[in-house]
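Asker: Here is what each chain is made of, one letter per residue.
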Amino acid sequence: MTLIAAENICVRLGGAEVLHDVSLRVGKAEIVTILGPNGSGKSTLLRALLGIVPLAAGRVTRQDALRIGYVPQRLHIDRSMPMTAGRFLSLPARQTPADTAAALARVGVPEVANRPMTGLSGGQFQRVLLARALLAKPDLLILDEPTQGLDQPGEAAFYRLIEEVRRDTQVGVLMVSHDLHVVMSASDRVICLNGHVCCEGTPLVVSNAPEYRALFGLGTQGALALYQHVHDHDHTHDHGHGHDHAHPHSPAEHPHA
Amino acid sequence: MLDDFLIRAALAGIGVALAAGPLGSFVVWRRMAYFGDATAHAAILGVALALATDLPIGLGTLLVALAMAATVSTLAARGWAMDTTLGVLAHSALAFGLVAVSFIPEVRVDLASYLFGDILAVSRVDLGFIWGGAALVLALLVWRWSALLTSTLSEDLACASGLNPDRERLILTLALAVVVAVALKVIGALLIAAMLIIPAAAARGLARSPEQMAVLAALIGMASALGGLRMSLSYDTPAGPSIVAVAACVFCVVAIVSRRRHD
Chain F
1 MTLIAAENIC
11 VRLGGAEVLH
21 DVSLRVGKAE
31 IVTILGPNGS
41 GKSTLLRALL
51 GIVPLAAGRV
61 TRQDALRIGY
71 VPQRLHIDRS
81 MPMTAGRFLS
91 LPARQTPADT
101 AAALARVGVP
111 EVANRPMTGL
121 SGGQFQRVLL
131 ARALLAKPDL
141 LILDEPTQGL
151 DQPGEAAFYR
161 LIEEVRRDTQ
171 VGVLMVSHDL
181 HVVMSASDRV
191 ICLNGHVCCE
201 GTPLVVSNAP
211 EYRALFGLGT
221 QGALALYQHV
231 HDHDHTHDHG
241 HGHDHAHPHS
251 PAEHPHA
Chain E
1 MLDDFLIRAA
11 LAGIGVALAA
21 GPLGSFVVWR
31 RMAYFGDATA
41 HAAILGVALA
51 LATDLPIGLG
61 TLLVALAMAA
71 TVSTLAARGW
81 AMDTTLGVLA
91 HSALAFGLVA
101 VSFIPEVRVD
111 LASYLFGDIL
121 AVSRVDLGFI
131 WGGAALVLAL
141 LVWRWSALLT
151 STLSEDLACA
161 SGLNPDRERL
171 ILTLALAVVV
181 AVALKVIGAL
191 LIAAMLIIPA
201 AAARGLARSP
211 EQMAVLAALI
221 GMASALGGLR
231 MSLSYDTPAG
241 PSIVAVAACV
251 FCVVAIVSRR
261 RHD
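For the record, the sequence lines run as chains F and E.
Residues 1 to 257 (the UniProt record's numbering) make up the first sequence, in order.
Residues 1 to 263 (the UniProt record's numbering) make up the second sequence, in order.
Hints in this document: simulated from the structure, not taken from any laboratory.
Careful: at least some of the hints might be erroneous.
As the list claims (entries may be wrong) - Pulled a few chain E residues facing chain F out of the computed Cβ check, cut under 8 Å: (1) TRP29; (2) ALA135; (3) LEU136; (4) LEU140; (5) SER146; (6) CYS159; (7) SER161; (8) LEU163; (9) ARG208; (10) ASP236.
Every residue, glycine too, gets a C-beta built ideally from N, C-alpha and C.
Using the sequences and the hints, build the whole thing.
Answerer: Have a look at this one:
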């Protein structure tokens, strides 16, 4: 079931074409990651899907009454506005204190409800943004580099949390990341973007695609071996939990297929 | 009771503060201080046009303030440098207003009352206009509160939640023009923006949530209006500047106290 789909969209910002002929779709309970260098239009693509920037061509279709939870790349809260984390979670829709407490506990920061947003650490701030997105009871989560400001263990924990939420609520996830390792292990599908879709597919297919390797300057066998290693590890893990819808291996490599 | 000019003056001040406090909080949050200035200064031009065309003063001010607010919003949306544009518009509006007013003899005599307010001369009709406008602004803000707050925080988050930030901005612009029109008689064109910003800025030091800040700003504004009125009576000072001076003192006290508390 398709939650959101873009068909041949083009976006122009200030006269320059930032996105050209981009198509993608995200299905229920699917984790899709957009990968690309700086300036490749990743954030713009998310903003176009959300209707924040206008399309120059193409169209975006959404499932009826699709609820979206959005975590922006950056959110600056002006110090002139007094805003506690708990109050922030009730924007725009009022939440009960019990629901906000549960959401903060879910993302691992139960202690921040009464703290001002401007006093939170980068990691706490990102988690509060995620908690707010989850409170919308979304069908689709759209995350724009959600692990900014998190250290490596924090980042790994964040993506584990996303996977748990997906498992528990069957939410679809579309996210932008620049972290290749995490993308390879946590995504069902990867879309490699550089103004247009360079290549897409399962993490393994993409990591072997020449377009991807050219884009990230991965000429060496060593880098590839690393990804395959990471990937093999995940494969056994996935299998143990009976997750095979997200199977990144090609059938030829798959002894049980 | 409304026969007493003092009671009318007090009610007029309270009415203006009631609307200016919460709206002023948005002006502070959205960094629209200069925007408020430009709109308020345009009110003088509105007075001149109203007198020249025999329109009620309130209506003339409202129309010109709306036109100014719409101009600023349009230019902002087209990517003009806001600081410069507002600096140009705010002062030009005042200059053209003063020039236009000089062509109308009966205003020249009475110019000070439009620049600095004439709260002691508020009539019953004025009072109805002030309270009607204040009620309209408060109703707009309460009705759209959550959407306004979300779009103020982040237009992207508002869009993603299915809100339309452009519409919320339009509502604030409209509310601003109404407040300028109702505050002209009480505060005067020069200092209307101060009545928006200073009570809200003072409330910031005491508030823990946006709602608290809006309510406190209204209360501080009311106290300033009554204090300024008292000062104006006792020392025969101009009403608008007196009210703003009291608000500024409250701001200083709060700033010092809340700094102490944080140390």
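Asker: Evaluate each hint against the coordinates.
Answerer: Tested hints:
no. : hint   : in the structure
1   : TRP29  : 5 Å, holds
2   : ALA135 : 24 Å, violated
3   : LEU136 : 23 Å, violated
4   : LEU140 : 16 Å, violated
5   : SER146 : 5 Å, holds
6   : CYS159 : 5 Å, holds
7   : SER161 : 5 Å, holds
8   : LEU163 : 6 Å, holds
9   : ARG208 : 6 Å, holds
10  : ASP236 : 36 Å, violated
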